[in-house]
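> The C-terminal residue of the sequence shown carries number 271 in numbering that gives the first Met the number 0, and the numbering is unbroken.
Some hints could be false.
[Claimed, not checked] With a straight-line Cα cutoff of 25 Å, these simulated SDA-like cross-link-like pairs (lysine to any residue) come out:
hint, residue 1, residue 2
1, LYS223, ALA247
2, LYS232, VAL76
3, LYS232, CYS123
4, LYS142, ASP258
5, LYS227, TYR100
6, LYS84, PHE118
7, LYS41, VAL78
8, LYS178, GLU246
9, LYS45, LEU120
10, LYS227, GLU95
11, LYS25, PHE118
12, LYS41, LYS67
Derived from the structure by calculation, the hints contain no laboratory data.
These figures come from a predicted structure and were not determined experimentally.
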Amino acid sequence: MACDILGMWRIDEVNAIDMSFKQTWKSVSELESDAGVSDMQKAMAKSAFVFEQGGRLLQLMPAELAGKGERFDDDYVVVHEEKWKEEDGKIFASSEENGEYAWSEVVPLDGRIEMYGFFRLSKCGGSAPGCGDAGVAGVWIIKEAMMFDEDLNRTWKTKEAAMADGSVDEDALRTFDTKFVFSDDGVVKMVVPIPEGVTQEQIDQAVASGQIDLYGDRFMALEKHPWKVEGGKLMIDTGAKVEVFGEAVSPWTEAPVVDGVMQYVTYRLIKE
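Based on the provided sequences and hints, a complete structural model is requested.
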């Protein structure tokens, strides 16, 4: 269910409290016309929740109601940030109480979900990034790399094209063997082949000492970076520490995916 939960969910029913403190499930339209329900509950019914990779759970409100805040997109503002997790095949959402996190199960309801015992939500249209073959999770390989020609102009080249024109050396050609492994827990690993001539004993010793993290039999993780989907965009934390005029620049960069091709910094990637 972890993959199915990803994406935006909008409230379509609220366990509303009337003036006599009786709770009744009401649709958003029923709630809006009910004079016995407070304006605060009616406003809360306009919330949306976004489950992101890595366990981040955002509560959104329409911008015209929320006022100032971090913009999620043209319509919504982030008003609260919580966490979600999966345990034993069940999804749990957190809520903060007295500085501590309390967890409650997100209950599946035949295509919908129930949260906190107060909201029943339906998923917005479209597939969530990170789910299935059409999403992000999985292994991506380098289709093209950005290189410089003789006039120092940037150009995109496949490994075959670079080998044919002799424009790069053997070390540069080996970068084409890098794989990018996006996992559902919000981490992308850059893995490279273990160099020829390294024995299994040397590999075992390196793993035991924590020097390398294996991927498969003959690949090792060179780098690890967080990734997430935010505002419908795939974002990757490059880890770069950059300042402009003394102000820190966010290390998160967008990696757009167009027609099955992901562009990440100097690489164009395709699913393996």
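> All hints, please: hold or fail.
Cross-check of the supplied hints:
| no. | hint | verdict |
| --- | --- | --- |
| 1 | LYS223 to ALA247 | holds (21 Å) |
| 2 | LYS232 to VAL76 | holds (16 Å) |
| 3 | LYS232 to CYS123 | holds (16 Å) |
| 4 | LYS142 to ASP258 | holds (13 Å) |
| 5 | LYS227 to TYR100 | holds (22 Å) |
| 6 | LYS84 to PHE118 | holds (18 Å) |
| 7 | LYS41 to VAL78 | holds (16 Å) |
| 8 | LYS178 to GLU246 | violated (33 Å) |
| 9 | LYS45 to LEU120 | holds (11 Å) |
| 10 | LYS227 to GLU95 | holds (22 Å) |
| 11 | LYS25 to PHE118 | holds (10 Å) |
| 12 | LYS41 to LYS67 | holds (20 Å) |
The structure shown violates just one earlier hint, number 8.
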